[in-house]
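Colleague: Spelled out, the chains give:
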Amino acid sequence: MNLHGLLPEMIMLAAAAVILLNGLCPRESVRRASQWLALAGLVAAFVAAWRLAAPGQHAGWPLWPLATFGSLLASGVGLLAVLASWNMPFKDQPTETDSAYRGEYFALLLCSLAGLSMMAKVNNLIWLFLALELVSMPTYIMVAAGRGQSAAQEAGVKYFFLGALSAAVYLFGFSYLYGFAGSTRFSTIAAAFHSALALGHPPAIALIGLLMVVLGISYKIAAVPLHYYAPDVYQGAATPVTAFLAFTPKAAGFIALILVFNLTGWQLSSSLAGAVPALLMALAVVTMFVGNVLALLQRNLKRILAYSSIAHSGYMLAALALGPALSPEATRPGELGGSSINGLSALLFYLAAYSLMTLGAFAVLIYLEGQTGAAEDFDGIAGLAGEHPLAAGCMAVCLFSLIGMPGTVGFLGKLFIVQAALAAHHPVLAVIIVINAAIAATYYLRIVAAMYLRAAATPLTVRRPALALKLSAAVATFLVIFFGLFPGALYRQSVAGGRSVPTVYSAAHWPGRSAKRTAVGMPGSARAGLWAN
Amino acid sequence: MTPIDFAPLIPAFPLAAAILAALLSGTKLKRAAHVPAISGVALSFFVALFLLLKCQWGQAIAGGAPYVQSTLWTWIAAGGFKVSAGIFLDPLAALFVTFVTGVSLLIFIYSAGYMEGDYGYWRFFAYMSIFVFFMTTLVLANNFLLVYLGWEGVGLASYLLIGYYYPRPSARDAATKAFITNRIGDTCFAVAVLMLYLTFHSLKFSTVFYGVLANPAFRAAHATALFWIPLLLMFGAFAKSAQFPLHVWLPDAMEGPTPVSALIHAATMVTAGVYLIARCLPLFLYDQPVLHLVGIIGCFTAFLAATIALRQFDMKRIWAYSTISQLGYMFMGLGVAAGASAVFHVFTHAFFKALLFLATGSVMHAMGGELDIRKMSGLGKKMPITTVCILTGCLALAGFPGFSGFFSKDDILSAAMNATWGLGPWLAVIGLLTALLTAYYTFRVFFRVFCGELRLPATAGQHEPSAFTLPGPQDGGGNRRGDAGTRGHGDTGKDEGKIAAAGYEPETVNQTPHTTIHKPEIASHYPHSLDGAPTMWLPLILLAIGATCAGYLGVFGGTEGGWIGGFLGRVPHMQPAVRYVVAPAGDMYLPAPWRVSPSVMMLIGAVVSLVGIGAAAYWHWFNRSAADTLAGAVRPVASFLENKWYIDELYRYGLVRPLRLLGHVLWRVDRWVVDGVVGVIGGIPRWLGFSIRSSESGRLRSYAFGMVTGAVLVLLVMWYWLR
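Heads up: the protein sequence lines correspond to chains A and B, in order. Residue 386 in my numbering sits at position 386 of the first sequence, with consecutive numbering throughout. Residue 603 in my numbering sits at position 603 of the second sequence, with consecutive numbering throughout.
Here are a few chain A residues that sit away from chain B, every Cβ distance over 12 Å (derived from the structure):
| # | residue |
| --- | --- |
| 1 | Ala14 |
| 2 | Leu21 |
| 3 | Ala33 |
| 4 | Leu52 |
| 5 | Gly56 |
| 6 | Asn87 |
| 7 | Asn124 |
| 8 | Tyr178 |
| 9 | Asp377 |
| 10 | Val431 |
| 11 | Tyr452 |
| 12 | Arg454 |
| 13 | Ala474 |
Each pair of labels, with its calculated beta carbon distance range:
| # | chain 1 | residue 1 | chain 2 | residue 2 | range |
| --- | --- | --- | --- | --- | --- |
| 14 | B | Ser702 | A | Gly274 | 29 to 37 Å |
| 15 | B | Val680 | A | Arg299 | 17 to 25 Å |
| 16 | A | Trp36 | B | Gly679 | 49 to 57 Å |
| 17 | B | Arg183 | A | Gly274 | 49 to 57 Å |
| 18 | B | Ser695 | A | Pro55 | 42 to 50 Å |
| 19 | B | Thr709 | A | Leu453 | 40 to 48 Å |
Covered by chain B, according to a simulated footprint, are these stretches of chain A (three or more residues, beta-carbon under 8 Å):
| # | region |
| --- | --- |
| 20 | 152-162 |
| 21 | 165-175 |
| 22 | 226-238 |
| 23 | 280-294 |
Read the hints as simulated data drawn from the structure, not as lab findings. We put the beta carbon where it would ideally sit given N, CA and C, even for glycine.
Just chain B, same shape as in the assembly (with noise of 0.2 Å):
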């Protein structure tokens, strides 16, 4: 057996675990649901560092060849259209699923502790698992549709689990809006597909990126096709990685439980887009005009997210527009053909974004489900390991010199700098000023939150109220229970008795920055620290070391771009060279001089950094009232930053309520005319029906007299025809 013939266990693993806990919903066992999600996404980390370690060292990929594949079985067979479900495994697939299995269990073990007790405990681990399902498959399909298979089951998935706690209207409104807002990309998406394969008669990787692509000739005959192809598949991406100008769904995608938020709202899911674009490289790299927008939109919503994260007090939504602001940067640097930056800047955000989120998620257990950052203070005494964590999640999001997110943030900016599009020098700049926000941003929220005196909300400590269960007689003891019995509508309680009554409003879900009432904790078991369970606190650690470390890999071990620039080097669109020239007539891996040299590159970035987090210091450590003076001050640019650009009220005034006008428009017309109209040609057959019924009359006479008229008829027809 060659390594690849191990990779179909990846998704298969995980896709056991999801059913194996779904069947134990009925059982007694169904409290331990997480054993056999977390044994599934282990074992499929196993195989997939495995296989990373064999395409590294091994002869996974044999004889310095890009990729090799695998095809496991005919999928559908529909005339000439085949397609096989196949595996294709090269360092960018080999890299992206052991990242995403390796967070994915981290997160699995952190959400063992997290979600103890919820109602729907075994439902959770079952979507999970089915959502690192889909996401392998993602990774490792060898054709489109695949892909297409796998992105429409991470879509579900993220659905279902923003949905999570459904009997919450923001929940199902927010878990609708993500997935309208998806179906524009997966549209966009699936005509690609149908697109590449009337270009290309096949789906398969291997036939359209290392096939006729190279040929001018073809390329000169389907310019068309090579046009509109990555143009749609940018939108699916976008809209997949929460770009604008259709990243609205992501913050409020903020109502799933705070694991999802990190695994698939942050780690994995959203990079798919940066994934699919990576993947389509070459594709792009012979499509200029959208190979630019690509580094246009990208930059320009990094930066859009980042002044709106300024003005956020919600810290799930701020890491929110944080992790929008980051998928911007990658797609800024798949625009400067940076690819390899890129997907570094991937690896290295999934470690330091899953860790801000899942130590949130402490936060948020500590203090009863409240995460208005106005209302705590100097928490960095009670929760000491959360505290370190998060410090070095902040430290490798601000781009502080020697983590993670400095490395690979200015690998993408040095990129841009020297890229020989004129633009690229541009968004470099933009870049940069936007590093400044981000560092600026991400300490306001440590040191308000962390350091200062100590200021704990009311709700700390305690149980806030389940989506699930009932508050019980004595505080948490009635909701560790939380179970079947115990479900129903009694759970809404008041607030969402006034919620429900107030009517069905699915625009209004933006308005409210509402805290994500969650699962019951009592911090008074843990009376030392409120940092919660080890099963929380010991995958804090392992992403804090993963924050911290991850970028040497991008430093050390190779010329440029260090191990993991020589690795997916090996993939010739992602060589470091392709960055400096972006996709000429002719040939594409032209290296072409430096502008600013990287070294340079580094130090600017390290200065924005450092002026950044001393800003922060400075407003939002020892003198916090200096920042809401000058908040004051610039009152209208606050308010039009904490409206989010007043994107959602465009959406809701352009689109939404004219297309709710439209469709109440329709709606009467389709009433009384269509119907009417339908009504009246649906009487014809009856009344048709009615005119030749007495030809049944029952009696043998008539039908033989029947018959032979007819027949005679016909005769006299033909007789005619004949003359």
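Next up, chain A with everything else stripped away, as it sits in the complex (with noise of 0.2 Å):
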């Protein structure tokens, strides 16, 4: 791979410094231009990320599908949520300048997305770990400078100090596998992990690397077992900073969780190793319950999404514990039932559908909060379908999206996860995730049911509804809607992405010093059933 792949993080992280420039000019007007500016970058990293996407370029390297797809997820959606904060940071103090801080809220969020669009361009363990940590530390800094209050102090305290903790058990865990396969290469990891798995199992020290990498890692995806602070940083946060975190760690953690069990070739399948897909799985499913049983107790808002997020990040690990096998059907095209998904195109596709719907309900709350926070519980969007239907109307598309009612995007999203866990002969795991589906249900519909069948207490007002507000939670359900009607041009990526792994790691695509223990993974026929079984 030569620069020109990663052009699209150059565009951003240029884009961030001239932000980071601009943000000091003294001249309030030229301040202001700050979102301009990240607007204008990621419109270039998109479209330069859309030219790597197409058929033909890399080909020669197999996780570029993979690589494309994260590129255009960062910036397309990255610029959804540059609309959605446009008023950022809030300021508290009447006496403030209205943009004192633009510049640098700015530049640490298009950093942040450069992190992501980075993610699946990386070939070592050390490169993974400074990509991961470019997702977050820009995110800590942004929590906590959101806003003025006290709560968002505290919210990007403990932000940082839980995120440190993981970083290091899922450091730990690299440690593991250097010691495991004597590099950080992947092309040599990889070929470690073939040759042990051609010889029996691979050792425990693997083994437990892995895990920990997994157990760092679901700090960044809000799953089980470290997903406490999800809802207190989302409730504390500014809601633009909540969006964001919802999408961009998220996403940036299960690229880099695909990326790891790539390593293994995805055959973990001996009654030893196979302990690491069933934890996975495991994992899964309580993430999906304690989100969503968690979330029926909550009244604000807020929360209730941030533990909508950790039961989402449920459905994709399990999608993740699905692995890359593809059912036997697939091979059959025109035949009835055959699902062409497999567990990580599902969870490629559901990744894109859960940043738009949450962006999209999020940004209904960042129009209507203004600058009191007023809208964070029930009370708040009470009889919103009278007062600003529009707004209650893309609210609505979206819960009904992350519900996953038939005719958006997220009901594609659970289709595939349901269709791949049917393929792949978990049938009680597509009945777990159907039945989570169920319980959330249940609190979604009680914020729809807040919005058009209750009587607004106090009139709502929105006190500076700017255009670039609107225009987010308005995209944002058009495309829930969009790629729910049509969803080819997403399915076409993801699947890409998703079809891109096991990757088959080989000399010519990874140059340097591993080219004599070249590790070879499965041919693409026996790719079936070997993950997770």
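Make the complex out of the two chains shown on their own, each in a separate frame, by following the hints.
Modeller: Shown next as structure tokens:
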């Protein structure tokens, strides 16, 4: 891979640098341009990523579809996130100028997105760590600096300390993997796994290392057992930051997990190594239940969405646990009932779907709360349909999508995961997902009911309805419906990304010291059924 | 451009007209809703006629191929399942689409006069146009799913138009009944479509009919599916075409405005079932038991409906039963594999039945909504044009020699008589008996209403209370405005109030042969005759010409089956020779020797028709009291027929009531048992949430503790596993 492949990230980081400088300008009118610069940078990054995603680009590099999926997701959803944080950071003192820290905020946002965009392009544990932390570090500051309230600072501190803890956990895991393979290069580790699996099963050190990576990264994706921070942080942070948190670290974490499991060649099916996927599935199930049942008890909308974010991580973990196995029917086109989507493709599709629908829901909250943060609980949005029918409509569509109603992209996301589960002969998992979707419907519908069936307690006022906020809610909602009806483009990208694994590591793709110890993954025809059975 | 490229215009024009008519609703131009509707269907008709002529003399279907098709766009693409919207043009489709649009055009013109001043004028034309859109889609579609779209669409249009006078409970009930009855058939059709896809991996006609079907090995491999598909299609067709036992909705459908009865419930939509089976005849020809069942049920329905029509008194209902009966003939024709004869009868029937309905509409118009044949007599002198037209229609329906119905009915009976299937001749005999009854009940109406001494009902020349308008202060003036302001609940009047107070009773809808309360029209506007406006009698005359002459298309212009037979014969399974041999194992186009020659059948048919007309003339013109005496003498039979063989009662006590009871029981079960269980289950997640809620304390150290504990727990599990 040459530098050309890193064009989206370079654009983002360059834009971040320019915005940082721009934010230092004493003239407020210039500082106000920060958002526009961020928008322009992301549009350029998106165009670059789109061109890189064209067939034939970097065809020799097997993970390229996954990498471009990450770049497209980062820049595409990032655009919506910028629109949703148009007025950030919120000023709390009337004396403060309107955009004192605007440059910093958007520069950090772009850095974080650049980390996400880079995620699937790394080929080394060190780089993986750096990319993950490039995603997370800026968000710690964004949480704390997003608004002036003490709740935000508290959330920022919690998020940072616990994040450091989790980073320690997965870094520890990385060190075990290094100890196992003697290198931090992916190709070497994959080769080590391959030869160990060929002999029988990998040594415990490798498996424990793998597991600690999973545990550490489960912080990024807000999954059990490292999910505790999510509700507090989501509630404390300014809502645009919450929206950003619900998307960026989660996407980065899942792509990182795919990369890490890719090292094993998805071959962990022996009696011992099978523990890893089995634990992954167990964690997925526990995560779903914890997220959904705790969300039932909440009255604060941001906390509900935080728990819902945990629950959705559970669905995606389940998809990850299903792995890249394709159902045998998939090879017979035209056959009814054959799913042509594997667990990883379903995961990527769901990731994009979840980003859109959760961003849409948060965008409506941002639109409503203005400065006061009044629309944070059920009373705050009661009777919304009468006062702001369009906002209520957007919210309702996004919530229906989170439930998984047909016609929305959320439905297809769940459908693909369930299909993948059935194709991989895990009917119980499919049933559990459906049960959880039913539980989740309760609290989502409660929000809809508050908007449509209750009368407004106090007249809802929207103080500064910036056009960008309306636009972000509207565009997210539109995409939720659009991809729900015409999933073609998203589906193709997800399937390409999901099918690019298991990667066939070879010297041609990963030049360097490992040329002698080339690992060869399974040929395509034997992919099915070896993972997590 | 080849001719088929123009075919998409045929559905497109009515669709545009429907949208335009609906858009006019809010404007001052809503009184002009008939302009787009009539123009749309007229343009469609010309395109259809052009296609028909091109099919006959041009090169629309190149080089002797049975069909030509075009793909417009990909409609559905889901994985390997792909359906395109496309046109399938063969002589059958061309003929159907031409007469559908042609008859529609005449009825639209008639409606412009008939519906004038009605509240919801634009709505009427929007619905009618949308009907034509769906009907032409159904006929021109090149795959089963598109046919299904059209099929459901015409059902929807029918539902909307039967319930056009929705303030009236009887209209609402009739619409519901039609919809639910059709649902049974539609479900069967839908299952058939699914099975077709599973069997053929395609829904295209070209693939299904002209592909692997001819391969005996394929048929043997899919014997079960190939048995069930025609059977399910048959039920679909029977619901739409009102065949026993799903015929009960059609008489009630007369609640709609009369042009609707003429267009949808006589001439076109109800023949969609015939079209479907004619189209799918290749499937049926390889499924003899079902094909025979089609013939037997068709024959039985023809007889059943004809007997019921003997003792009905409402003119529109008599024509409704007659429609069922004639549709029975068509299915009988299909049952003996005489596709061309069946379609020929559809063609002639469209003319004379539309004519009868429209002429009846004129009578209704003049009589202030009264349609009871016992209350009127001798109208011939008052409505000369209507009388001549209706006489033409009656002669055609009765199979009077020389009129269209004579030739087409005779064609079917002759085909049945000469079928190699042993039961064929018996069907023909029952068909002849039915023809006798048909001639009798048809002329019973004619002689009762138009002959004898003049007797008018009390309502003649008056306004009847419209469903939508308050009776105006001076007769008529108020109603003509019939506008948004007058719509409301006050319109229901006294009778409506009573019905509403009595409660909603869907089953009672057949109990009262209710005259259709109709849009007001003042007879005194036309002091010289009661024939109505030129827009009303002009289509009548054109239809009368069609009813007289259409039959000759099946006699002249070809060796067997006339021009129609030759034209349709270009479709392989519609060849006249097919009628003699019903699909033996091998060759299905084998001609068989005559049993009774067609000319002899014609002679018998003529005699039967004349006897029926003569009997009707004696009892209902010259000696009416004798008819009453006769009816009194066979009272049980008469009341059996008056109550329509008690089929509605059978359904009510055998189906509706038990289902209702079951529904009630299930509701109780749902309420007490299921809801209770659900309540308990629904409580589990909440309870679970409460029990782990304390883990979210908000303290950083407890979070860190929880995270580390969780991670350690997971690692411990792993450790035990590895040991």
